[in-house]
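Throw the hints in and build the complete structure from the sequences for me.
Listed in order, the protein sequences are those of chains A and B. The first sequence begins at 0 in numbering that gives the first Met the number 0 and counts up one residue at a time. The second sequence begins at 0 in numbering that gives the first Met the number 0 and counts up one residue at a time.
Among the hints, erroneous ones may be present.
[To be verified] The calculated lysine to aspartate or glutamate pairs, modelled on EDC-like cross-linking and capped at a C-alpha distance of 16 angstroms, are:
| id | chain 1 | residue 1 | chain 2 | residue 2 |
| --- | --- | --- | --- | --- |
| 1 | B | 135 | A | 67 |
| 2 | B | 135 | B | 58 |
| 3 | A | 140 | B | 98 |
| 4 | A | 140 | A | 98 |
Note that these hints are calculated values from the structure, not bench results.
Residue strings, one per chain:
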Amino acid sequence: MELIAALCDGLALDPRPYQRLAERTGLTEAEVIARIQAMRDDGVIRRFGVVVRHHDLGYRCNAMVVWDIPDDVVSGIGQRLGALDEVTLCYRRPRRLPDWPYNLFTMIHGRERAEGEAIIARLAEREGLNAYPHEILFSLKRFKQCGARYGG
Amino acid sequence: MVDDVDRQIINRLQGHMLVAERPFAVEAATMGLEEDELLNRLRRLLDANVLTRFGPLFDIGRIGGHVTLAAMAVPADRFDTVAGIVNAFPEVAHNYARDHALSMWFVVEAETAERVAEVLRAIAAATGLTVHDLPKTREFRVGLRLEA
Chain A
0 MELIAALCDG
10 LALDPRPYQR
20 LAERTGLTEA
30 EVIARIQAMR
40 DDGVIRRFGV
50 VVRHHDLGYR
60 CNAMVVWDIP
70 DDVVSGIGQR
80 LGALDEVTLC
90 YRRPRRLPDW
100 PYNLFTMIHG
110 RERAEGEAII
120 ARLAEREGLN
130 AYPHEILFSL
140 KRFKQCGARY
150 GG
Chain B
0 MVDDVDRQII
10 NRLQGHMLVA
20 ERPFAVEAAT
30 MGLEEDELLN
40 RLRRLLDANV
50 LTRFGPLFDI
60 GRIGGHVTLA
70 AMAVPADRFD
80 TVAGIVNAFP
90 EVAHNYARDH
100 ALSMWFVVEA
110 ETAERVAEVL
120 RAIAAATGLT
130 VHDLPKTREF
140 RVGLRLEA
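Given below as structure tokens:
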């Protein structure tokens, strides 16, 4: 079995989880450790650790804030927003006109909806973004969250 | 159900896991716990679904996979039926209802771009709704980390 496929099942909760992976992949424990370390250093593994189901930690409000930013300035603004502590994800995506005019997506997590709204209002004011059309799409219900394996 | 020690564990081990022979023993020691207690608490948090998984988040583009975000305008009276159709695809990783005309937002992951496109087409065919494909074209941050 390949190491990446074995890792997708998660790490065994065992005192020697890398030894368990070694047994499944035919590698030695030292090889498993070296390969995971290399994938991490290299960015193939972006994060490695526990994956939290955020609703259960009291983060009821997951707000997707979407912005319509002119194409010639969207990169600069994306970089600025992506560097802020309160922004957990920041992606550029294509517009789908006429239904969808927004090209920059930011995710904000708050424990309550009001907290999320306040964070976003402060951020837009401070960063001078109120001139750009934007909308907040709050999550109403989560139907499926099987623990994303990939950074999408 | 989640006590202060659990919170400390979650905060410490999000996005950070030691790669060494006895990682849990080392991490436990930094938190003043025994290895056994740390493992037992992690098992309990996984069983209780506070944690979804314990492991890596791959850069899917670098391991040969493809991912996209899709959105649909689903009439309120058909929402649950459509959610059932969408969620039945194993390639659908998560799915949220949001307060917008585009009311259903889900992530599709597969090994190939072709398979992702096929799933989107199958969902459109099964529901009769337009599926908007919104793949990321540039990433400025992927740092989801929540204080427990």
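Now for the hints, and whether the structure bears them out:
Between the alpha carbons of residue 135 of chain B and residue 67 of chain A the distance comes to roughly 15 angstroms, so the proposed pair stays at or under 16 angstroms and holds. Proposed proximity of residue 135 of chain B and residue 58 of chain B is supported: the alpha carbons are some 13 angstroms apart, at most 16 angstroms. A hinted pair counts as satisfied when its Cα atoms are at most 16 angstroms apart, and residue 140 of chain A with residue 98 of chain B qualifies at roughly 10 angstroms. Only pairs whose Cα atoms come within 16 angstroms are accepted, and residue 140 of chain A paired with residue 98 of chain A is rejected, the gap being roughly 22 angstroms.
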